[in-house]
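Chains as they are written, first to last, in the UniProt record's numbering: chain Y, 1 to 273; chain H, 1 to 273.
FYI, nobody ran anything at the bench for these hints, they're computed from the structure. What you were told as hints is all true, and nothing was included just to trick you.
Just so you know, same-sequence chains aren't split out, so a pair can sit in one copy or run between any two.
Taking lysine to any residue and the SDA-like style, the derived pairs with C-alpha atoms no more than 20 Å apart in a straight line are:
1) K141 / G59
2) K185 / D211
3) K141 / G95
4) K141 / L62
There are 2 protein chains.
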Amino acid sequence: MTSSSRYFAGNRRVDALPDHDRGLSYGDGLFETMRASRGDVPWWPAHWQRLQRGAQVLGLLLPDENLVRAEGKRLLESGDGVLKLIVTRGAGGRGYAAPTDAEPHWILSKHPLPPPAPASGLALRWCDTRLALQPALAGIKHCNRLEQVLARSEWDDPTVHEGLLRSTDGDVVSATAANVFVLHKGAWKTPLLDRCGIAGVCREWAVAALDASQARLAVTEVEAADAVFLCNAVRGILPVARLDARSWRPHPQVMELQRLLAAEHPAFGTEVS
Amino acid sequence: MTSSSRYFAGNRRVDALPDHDRGLSYGDGLFETMRASRGDVPWWPAHWQRLQRGAQVLGLLLPDENLVRAEGKRLLESGDGVLKLIVTRGAGGRGYAAPTDAEPHWILSKHPLPPPAPASGLALRWCDTRLALQPALAGIKHCNRLEQVLARSEWDDPTVHEGLLRSTDGDVVSATAANVFVLHKGAWKTPLLDRCGIAGVCREWAVAALDASQARLAVTEVEAADAVFLCNAVRGILPVARLDARSWRPHPQVMELQRLLAAEHPAFGTEVS
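Kindly generate the complete structure, drawing on both the sequences and the hints.
Listed below in structure tokens is the structure:
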């Protein structure tokens, strides 16, 4: 599967992104990155709900859901892979004031699946880049992602798979492109995302599956955890094997969670080694 | 002058923004909004220097300066107005990791001058939206501008011209699209932009012209000021007449600064009433 993009304005397919797109100017938009299986997206309802929450926060209009899903299926051509959707506020000329009547612009693209995670688990590092505290934008998957870009640029060692991010206050928030869960004495916990971070679709599923608590998470709690995993909606549940000098053996509860996800959404079965 | 956009990849003009642009995906880019006069940009060197500082912070490549300036002049067709330049990191597929060999994408657009500021001065309000503290991105004019979009969406009363923004710590930082200066007992002060905010080109000029100090600025210092002005590189020096219930009469030092700017850069002469 090669990458390709399709552009839309309101309900119309267009050859190119219209001029003065506010996504391009200001990151004034939202996105979803979705696992596709046999030409459809198993977690579509959860992705669309998060998009709706983001649209409410930003006060922007979404295109028609049925049309977007149908165009996504057409692009996927019954295949597997990753479907990415960007929705921007549309065209808005120069200046921050958002036009109230702009029709949204949206872009669909498909991408190959990332290579499978190593069977032994991921190796992580701590990032120096911190996430700023901005409650007004916390949780939603908006297009202002320079913090993640800066954090991901901190390493190019291919044996390090992901980096953990702290807020400017020092709490652990997430990886650059995944949420994080830790196990302590039989109880699962994931960071509360009320001040920064993205509330992932797979995170939401795992919180329910594990009855996990959501609260501030300290660096020491990660380092002292009995097990750690990352998750996102493309790669599912990703066991962590190493964080700098700390290492973990595969944990039965994490393997059980992987099996549970694969049973609910067979597309994720391939991640289970 | 009607709005129009021209797209470039590296040194080539292209018909449309190439697929998978990282500016569109993540706001992974920089911009400059420049006053144009008789087909050129009087403050070009200062704008390009700020762009270079931003490119260094983000680790992205800039296109050739002479080519960008020449294309800007060609677009302006000897006219007056506003020239906007966006430079993005280029194409990068899916994922935050930035390609090291991407050629930058850039977009030039021209826009009409905004209507002149009221002769009596601007009316301001306080915004509820706060600016997050992110030292890693402070000062540069990057394309992650959702905070400004949210702040500008707080009012639609056309008699209110701008809104003042505080940081999440409560300090005054700027207006949504301008920097702010206050006068106290003969000394000028403007917020230090080490944790958030954009270091404007006109701000830099005014700091030197007024020998202004740069430090944290409290709300009470604005309200108790002898004079307040906003400034940006499109509209120059903008006296403030009102901030909620507080009002100011035109101040001779602000009028003198407007005259000084108009003398150095005649394009700004039209703003002096």
